[in-house]
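As a plain string of letters, each chain reads:
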Amino acid sequence: MEDKREIEALLEQMHLKEKEEAMQKKHSFWESQPVKQFSEEQNSETVEEGPVQVNQDAKGVRETGYALPGGYEWCDCDISSAEGAEEVYTLLSENYVEDDDNMFRFNYSSHFLSWALQPPGFKPFWHVGVRVIKSKKLVAFISAIPAKIRVGKNSPKGKDGVSMVEINFLCVHKKLRTKRLAPVLIREITRRVNLFDIWQASYTAGVIIPTPLATCRYFHRSLNPKKLIEVGFSKLGKRMTLSRTIKLHKLPQKTSTPGLRRMSKEDAPQVLELLNAYLAQFDLACLFQSVDEVEHWFLPRENVIYTYVVDAGEGKDGKRKITDIMSFYSLPSTIIGNEHHKELRAAFSYYNIANTASLKSLMEDALICARDENFDVFNALDIMQNAEFMKDLKFGIGDGHLQYYLYNWKVKKALTPQQVGLVLL
Amino acid sequence: MMSAEWARRLVVLGAAGLGLAGAAYAYRHHASAARALPERKQELRQEEEEAVPTEKDVQDFEKACEFVSSTTLVSAGVFGPPDLLELYGLYKQATEGDLNASSSAGWAASAWGWIKSASSLSPREEAKRRSWLRCRGMSRGRAMTMYVGKVLARCAQRELDFKLDGEPEEAEAGWVATSTLRDAYHDEEDGEDGPEEETSDWFNAVADDAVTADAIAALASRATAAAAAGETTPSTPTTTLASASASGSPSFPPIEEVTERDGKLRSCLHWAADNGNADLVRALLLNRADPNSRDEDGQTPLHYAAICEYREIYDMLVGAGADENAEDGQGETPASWVPEHWRGGSQKQFIGWNS
Numbered sequence: 000m001e002d003k004r005e006i007e008a009l010l011e012q013m014h015l016k017e018k019e020e021a022m023q024k025k026h027s028f029w030e031s032q033p034v035k036q037f038s039e040e041q042n043s044e045t046v047e048e049g050p051v052q053v054n055q056d057a058k059g060v061r062e063t064g065y066a067l068p069g070g071y072e073w074c075d076c077d078i079s080s081a082e083g084a085e086e087v088y089t090l091l092s093e094n095y096v097e098d099d100d101n102m103f104r105f106n107y108s109s110h111f112l113s114w115a116l117q118p119p120g121f122k123p124f125w126h127v128g129v130r131v132i133k134s135k136k137l138v139a140f141i142s143a144i145p146a147k148i149r150v151g152k153n154s155p156k157g158k159d160g161v162s163m164v165e166i167n168f169l170c171v172h173k174k175l176r177t178k179r180l181a182p183v184l185i186r187e188i189t190r191r192v193n194l195f196d197i198w199q200a201s202y203t204a205g206v207i208i209p210t211p212l213a214t215c216r217y218f219h220r221s222l223n224p225k226k227l228i229e230v231g232f233s234k235l236g237k238r239m240t241l242s243r244t245i246k247l248h249k250l251p252q253k254t255s256t257p258g259l260r261r262m263s264k265e266d267a268p269q270v271l272e273l274l275n276a277y278l279a280q281f282d283l284a285c286l287f288q289s290v291d292e293v294e295h296w297f298l299p300r301e302n303v304i305y306t307y308v309v310d311a312g313e314g315k316d317g318k319r320k321i322t323d324i325m326s327f328y329s330l331p332s333t334i335i336g337n338e339h340h341k342e343l344r345a346a347f348s349y350y351n352i353a354n355t356a357s358l359k360s361l362m363e364d365a366l367i368c369a370r371d372e373n374f375d376v377f378n379a380l381d382i383m384q385n386a387e388f389m390k391d392l393k394f395g396i397g398d399g400h401l402q403y404y405l406y407n408w409k410v411k412k413a414l415t416p417q418q419v420g421l422v423l424l
Numbered sequence: 000m001m002s003a004e005w006a007r008r009l010v011v012l013g014a015a016g017l018g019l020a021g022a023a024y025a026y027r028h029h030a031s032a033a034r035a036l037p038e039r040k041q042e043l044r045q046e047e048e049e050a051v052p053t054e055k056d057v058q059d060f061e062k063a064c065e066f067v068s069s070t071t072l073v074s075a076g077v078f079g080p081p082d083l084l085e086l087y088g089l090y091k092q093a094t095e096g097d098l099n100a101s102s103s104a105g106w107a108a109s110a111w112g113w114i115k116s117a118s119s120l121s122p123r124e125e126a127k128r129r130s131w132l133r134c135r136g137m138s139r140g141r142a143m144t145m146y147v148g149k150v151l152a153r154c155a156q157r158e159l160d161f162k163l164d165g166e167p168e169e170a171e172a173g174w175v176a177t178s179t180l181r182d183a184y185h186d187e188e189d190g191e192d193g194p195e196e197e198t199s200d201w202f203n204a205v206a207d208d209a210v211t212a213d214a215i216a217a218l219a220s221r222a223t224a225a226a227a228a229g230e231t232t233p234s235t236p237t238t239t240l241a242s243a244s245a246s247g248s249p250s251f252p253p254i255e256e257v258t259e260r261d262g263k264l265r266s267c268l269h270w271a272a273d274n275g276n277a278d279l280v281r282a283l284l285l286n287r288a289d290p291n292s293r294d295e296d297g298q299t300p301l302h303y304a305a306i307c308e309y310r311e312i313y314d315m316l317v318g319a320g321a322d323e324n325a326e327d328g329q330g331e332t333p334a335s336w337v338p339e340h341w342r343g344g345s346q347k348q349f350i351g352w353n354s
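Note that the protein sequences, when read in sequence, are chains A and B.
Numbering-wise, numbering that gives the first Met the number 0 puts 150 at position 151 of the first sequence, and it's gapless, one number per residue.
Numbering-wise, numbering that gives the first Met the number 0 puts 21 at position 22 of the second sequence, and it's gapless, one number per residue.
Calculated from the structure, these hints are not laboratory results.
In this text, all values refer to a predicted model and were calculated from it rather than measured experimentally.
Hints are supplied without guarantee of correctness; some may be wrong.
[Stated by the list, open to error] The calculated PhoX-like cross-link candidates involving lysine-lysine, where the alpha carbons are at most 25 Å apart (straight line), are:
hint	chain 1	residue 1	chain 2	residue 2
1	A	Lys174	B	Lys55
2	B	Lys62	A	Lys174
3	B	Lys62	A	Lys136
4	B	Lys62	A	Lys173
5	A	Lys359	A	Lys253
6	B	Lys62	A	Lys249
7	B	Lys263	A	Lys393
Let the sequences and hints guide you as you build the complete structure.
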């Protein structure tokens, strides 16, 4: 047990070291951007909370796109068409993030992308692509979607929510990684967002750049340990049997929460209320704006988003009453170079609200539902109240961190994972 | 670490002011810092003056070229017109060698001829040609290193983050975090390093699934030979077995070790089943390993095969007499673990000493 604690301490040190190294490195691009700088971490009391640049006018934003290297041009990607979504899907699936050992590569499905990129208020203008002029091949992508985000529940400027965008799916073709396209993509998406009088953004990344708002950790619950071992996602300890591992991770046949069922369209107004009431306790959280938005983000879609509600039956007013919510989204990875397995099916915890059930039993049901949908592993960050159930439900600690960032907004002090109530896809 | 980096920057920075010679020095300094060439080798290298570019020189050169072409378009002002002109000359020299012999001979022949030929070009083209001409006689390798040196020096001056050996910009690969399980699966009570075991080398090899195919074949043939000889128990290892074990695999087990157990009462057959090693399971069964032996939880090798969904092994064990309805400590039977999709047509055939 003591050893374990020592190892934990060592790993925390390693992460601190990683951060220290990142802080010493020169970030020529990020130092030119309106973000909190590493140098401001030391004397954060002097940092003024709120926008870095104020009183900006959309009329002053440059009207033409930033210059690209010769032979490349900007484009708006049309995600609403099957071909457009497929094109972005192909770019991402071939070039998106891999783990350190290059065993897995995220493989967002085209259905997932059309969900993630087209919530109410989306703009094709914010689905920015770079093409080779000659061949029209798509070689880079970045996106923004609108969202209202609360920053600091006691912050005068941030507590009622800031209209901003969520930046995601930044991807540069592998062969163009030396062209330093990413900074141009970031500048261009910033310009295109600024044109609509929006000046803040939130984004997450595995890497440490100036300056994380919160540092969170991934946890993984094995649903199919045999496959996870075969593909190298996990391994057996010394003198540990596979049969014992499978037995340890075996889940009950059926869910236990009475009234648990898939969410339907009629539930959306109540889900909206439940979400906003629950998320009020977090310092960084999404403020859902409309029933439409909730319908978009939560109504179940095969292989994309799975949402379940606890239906307490008809109330006195004759309406069905929804009390609890549990949801996860599907984000598979391509398994690189394995003869038997092509895809790792991972479910990612989304928003969970336990009012009548205990969070632990609601999440056990989430695991059961995910298993029944043939997922191999269930992933969750240590954000919101998630740390409460991880040990009991046999989540194992992951080797990856997720950093949360804000663009053109500073806060005095970094948030703990428990203060974060925002999930970015 | 840090101070060395800064020292390099300062040297490179100073060298930047010295024009081409300085640039070459900056590059060499970078090269020696990055590659830590032994001193003697470096001296040799300087003597040869990079006449023939190495693969690394070419790689660095290409990286620097790409950097220049993208930087000039992306964030203006890193390389001014004089820089670009100089780089152009070096680039041409590095990629094509001396400026076309006939025309350059003409230029050298008479000033008039030069003015005449140049007058047909735009001032811009003329300046480019002159820059190229200035590199005349320089080896390609040297032109490459000069080019890279020039880029490095300028970047150091402008505090730009261009590294030849560096990783790509952190944002380039995308922002999503990846994560896999950090710790190996283990029993809470044992910890990650597993329980202390005092089992034989042979047993350890079986548990770690490290028994060679030769040893498995030898184990199988020993049993078959014994059966053919009509013995009730197989004999001790023969010479062929000894030779199979000599090739690095653990010494062959005397027959009593087929019955060896570890601290959790697991037998070789349990481990072979858990590892999904069908050949070893077959060989152990031929040597009369007990298919109904129980571990400390009351589980048989057949429980393991069912839980792990190894169908071939499951069928083999059943064929050898394993009990599908043996209850473990929790009252669970192997049959209760058999997955749905196996039902209907399990082949219970086993060809071995008892068939």
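Against the structure, the hints:
With a C-alpha separation of about 19 Å, the suggested pair Lys174 of chain A and Lys55 of chain B falls inside the 25 Å cut-off, and the hint holds. Proposed proximity of Lys62 of chain B and Lys174 of chain A is supported: the alpha carbons are some 12 Å apart, at most 25 Å. Distance restraint check for Lys62 of chain B and Lys136 of chain A: the Cα-Cα separation of roughly 23 Å lies within the 25 Å cut-off, and the hinted pair is therefore satisfied. Straight-line distance between C-alpha atoms of Lys62 of chain B and Lys173 of chain A comes to about 15 Å, which keeps the hinted pair within the 25 Å bound.
For a cut-off of 25 Å, the pair hint linking Lys359 of chain A to Lys253 of chain A stands: about 15 Å separates their Cα positions. Distance check on the hinted pair: Lys62 of chain B and Lys249 of chain A sit about 52 Å apart at the alpha-carbon level, beyond 25 Å; violated. With a C-alpha separation of about 23 Å, the suggested pair Lys263 of chain B and Lys393 of chain A falls inside the 25 Å cut-off, and the hint holds.
Against the hints set out earlier in the document, a violation occurs for number 6 only.
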